[in-house]
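> What follows is each chain in one-letter form.
Protein chains: 2
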Amino acid sequence: MDQIYLITDIQGYTPEVGRLLSMMNYARYTTLEAAKNLTTEQLDYLMDPEGNSIGALLLHFAAVEFAYQLETFEKRDLNEEEMLIWGPALDLGEKGRQAIRGNDLTYYVNKLNEVRTKTYELFKTVDDDWLHLEEPFWYGKQANHYFMWFHVFEDEINHRGQIRLIKKKMNTQL
Amino acid sequence: MDQIYLITDIQGYTPEVGRLLSMMNYARYTTLEAAKNLTTEQLDYLMDPEGNSIGALLLHFAAVEFAYQLETFEKRDLNEEEMLIWGPALDLGEKGRQAIRGNDLTYYVNKLNEVRTKTYELFKTVDDDWLHLEEPFWYGKQANHYFMWFHVFEDEINHRGQIRLIKKKMNTQL
Chain A
126 MDQIYLITDI QGYTPEVGRL LSMMNYARYT TLEAAKNLTT EQLDYLMDPE
176 GNSIGALLLH FAAVEFAYQL ETFEKRDLNE EEMLIWGPAL DLGEKGRQAI
226 RGNDLTYYVN KLNEVRTKTY ELFKTVDDDW LHLEEPFWYG KQANHYFMWF
276 HVFEDEINHR GQIRLIKKKM NTQL
Chain B
126 MDQIYLITDI QGYTPEVGRL LSMMNYARYT TLEAAKNLTT EQLDYLMDPE
176 GNSIGALLLH FAAVEFAYQL ETFEKRDLNE EEMLIWGPAL DLGEKGRQAI
226 RGNDLTYYVN KLNEVRTKTY ELFKTVDDDW LHLEEPFWYG KQANHYFMWF
276 HVFEDEINHR GQIRLIKKKM NTQL
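Chains as they are written, first to last, in the numbering used here: chain A, 126 to 299; chain B, 126 to 299.
Be aware that a few hints might be false.
[As the list claims (entries may be wrong)] Calculated lysine-lysine pairs in the DSBU-like style (CA-CA distance at most 35 Å, straight line):
hint: 1; chain 1: B; residue 1: Lys266; chain 2: A; residue 2: Lys161
hint: 2; chain 1: A; residue 1: Lys161; chain 2: B; residue 2: Lys294
hint: 3; chain 1: A; residue 1: Lys292; chain 2: B; residue 2: Lys249
hint: 4; chain 1: B; residue 1: Lys294; chain 2: A; residue 2: Lys236
hint: 5; chain 1: B; residue 1: Lys294; chain 2: A; residue 2: Lys249
hint: 6; chain 1: A; residue 1: Lys294; chain 2: B; residue 2: Lys249
hint: 7; chain 1: A; residue 1: Lys220; chain 2: B; residue 2: Lys294
hint: 8; chain 1: A; residue 1: Lys294; chain 2: B; residue 2: Lys236
hint: 9; chain 1: A; residue 1: Lys200; chain 2: B; residue 2: Lys236
hint: 10; chain 1: A; residue 1: Lys294; chain 2: B; residue 2: Lys292
hint: 11; chain 1: A; residue 1: Lys161; chain 2: A; residue 2: Lys293
hint: 12; chain 1: B; residue 1: Lys249; chain 2: A; residue 2: Lys161
hint: 13; chain 1: A; residue 1: Lys236; chain 2: A; residue 2: Lys293
hint: 14; chain 1: B; residue 1: Lys266; chain 2: A; residue 2: Lys249
hint: 15; chain 1: B; residue 1: Lys294; chain 2: A; residue 2: Lys294
hint: 16; chain 1: B; residue 1: Lys292; chain 2: A; residue 2: Lys293
hint: 17; chain 1: B; residue 1: Lys161; chain 2: B; residue 2: Lys294
hint: 18; chain 1: A; residue 1: Lys292; chain 2: B; residue 2: Lys292
hint: 19; chain 1: B; residue 1: Lys266; chain 2: A; residue 2: Lys236
hint: 20; chain 1: B; residue 1: Lys236; chain 2: A; residue 2: Lys243
hint: 21; chain 1: B; residue 1: Lys249; chain 2: A; residue 2: Lys293
hint: 22; chain 1: B; residue 1: Lys294; chain 2: A; residue 2: Lys292
hint: 23; chain 1: A; residue 1: Lys266; chain 2: B; residue 2: Lys200
hint: 24; chain 1: A; residue 1: Lys294; chain 2: B; residue 2: Lys220
hint: 25; chain 1: A; residue 1: Lys294; chain 2: A; residue 2: Lys249
Hint data in this document are derived by calculation from the structure and do not stem from the laboratory.
Construct the entire structure; sequences and hints are all you get.
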């Protein structure tokens, strides 16, 4: 926590991997701060009947991170079995609203920690050069591993902004 | 645009500054995509009477970036004159709702470009070591310049998530 505002080396990782992890750690810290003390009812709250609950967004972060572990380390998409587990959280929307509810905060935090622990292990096996490996990605353009993992945390920050907004609205209604 | 999914070197900048700028560029690209074609009425729309309009959030991005130019390159806060210009966009809330309205998209895009052009110039004058210079920051902890600029784009991504949510709601109401 003393390093929370430093984008810098992290022991056990190459320099650029350390910087990437620093940013991921800060993003996660702010996510957990935003979710802190929320009850199951609050985690299930829908600001908009067509929107996503905070709980679904939290599970989405774990699902996206898991998907990019497969994408960048195994070069594959989720298989059918994995989609049964992670599909609703990955896709959100109606599927997410139906499947992801009734869980307490610990449930979501455990999922987040589980996946992040795996990321920490995986990142130990790669280096700065690996971050710059490219492959065809969105719209026929090239992306490197660094971008893909940047996207993992930028998606989290994007939805964390929404979580903050949902909380503001919720506090006037629940 | 061919490099939009690459976090990598950018000519004229040291390696880590290039990577930071790559992330800032991607964040800005997605911001402009989210704001594309919005009318003045849409830019002024308030999803919540206590919330921020998309226009105010766009100007907030320029204001935050300007503030961190001063913070990291001049080691000072905004002076009174600068606060008259940027205060409402920095602070948002009631001040923002009153002062920031009636502008078209070009107005906001010009402000964003103006400040970003200055950032491009400033970043040419520094290097990777500069990114790692530390100073006391939030809650008595140290932050380095890298973190401060990371925060500039993570704040933008946070609010971009809100812009996307506001747009969704707006489309059912305007």
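> Hint by hint, say whether it matches the structure.
Hint check:
1. Restraint check for Lys266/B and Lys161/A: the C-alpha separation of about 22 Å stays at or below 35 Å, so the hint holds.
2. Restraint check for Lys161/A and Lys294/B: satisfied, since their Cα atoms lie roughly 26 Å apart, inside the 35 Å limit.
3. A hinted pair counts as satisfied when its Cα atoms are at most 35 Å apart, and Lys292/A with Lys249/B does not qualify at roughly 40 Å.
4. At most 35 Å may separate the alpha-carbon atoms for a hinted pair to count; Lys294/B and Lys236/A meet this at roughly 30 Å.
5. For a cut-off of 35 Å, the pair hint linking Lys294/B to Lys249/A is broken: about 42 Å separates their Cα positions.
6. For the suggested pair Lys294/A and Lys249/B, the alpha carbons sit about 42 Å apart, so the restraint of at most 35 Å is broken.
7. Of the supplied pair hints, the one linking Lys220/A and Lys294/B holds, its CA atoms being roughly 20 Å apart against a limit of 35 Å.
8. Taken as a hint, the Lys294/A and Lys236/B pair is honoured in the structure, with Cα atoms around 30 Å apart against an allowance of 35 Å.
9. As the CA atoms of Lys200/A and Lys236/B are separated by approximately 41 Å, the hinted pair breaks the 35 Å bound.
10. This hinted pair checks out: Lys294/A and Lys292/B have alpha carbons roughly 16 Å apart, not beyond 35 Å.
11. Between the alpha carbons of Lys161/A and Lys293/A the distance comes to roughly 14 Å, so the proposed pair stays at or under 35 Å and holds.
12. Note on Lys249/B and Lys161/A: the hinted pairing is violated, with a Cα-Cα distance of about 40 Å set against a maximum of 35 Å.
13. Annotation: proposed proximity of Lys236/A to Lys293/A holds, straight-line Cα distance about 25 Å (limit 35 Å).
14. Proximity of Lys266/B to Lys249/A is assessed by CA-CA distance (about 27 Å); at most 35 Å being required, the pair is judged to hold.
15. The suggested pairing of Lys294/B with Lys294/A holds, with an alpha-carbon distance near 13 Å, which does not exceed 35 Å.
16. Taking the CA atoms of Lys292/B and Lys293/A, the gap is about 17 Å. The hint holds against a cut of 35 Å.
17. About 16 Å separates the Cα atoms of Lys161/B and Lys294/B, which keeps this hinted pair within 35 Å; it holds.
18. Simply put, Lys292/A and Lys292/B have alpha-carbon atoms about 18 Å apart, close enough for the 35 Å limit, and the pair holds.
19. About 29 Å separates the Cα atoms of Lys266/B and Lys236/A, which keeps this hinted pair within 35 Å; it holds.
20. Simply put, Lys236/B and Lys243/A have alpha-carbon atoms about 42 Å apart, too far for the 35 Å limit, and the pair is violated.
21. Distance hint between Lys249/B and Lys293/A is unfulfilled; the C-alpha atoms sit about 40 Å from each other, more than 35 Å.
22. Under the criterion of a C-alpha separation no larger than 35 Å, the hint pairing Lys294/B with Lys292/A is consistent with the structure, at around 16 Å.
23. Restraint check: the Cα-Cα separation between Lys266/A and Lys200/B comes to about 39 Å, which exceeds 35 Å; the hinted pair is violated.
24. Of the supplied pair hints, the one linking Lys294/A and Lys220/B holds, its CA atoms being roughly 20 Å apart against a limit of 35 Å.
25. Among the hinted pairs, Lys294/A with Lys249/A is inconsistent with the structure: their alpha-carbon atoms are about 41 Å apart, more than 35 Å.
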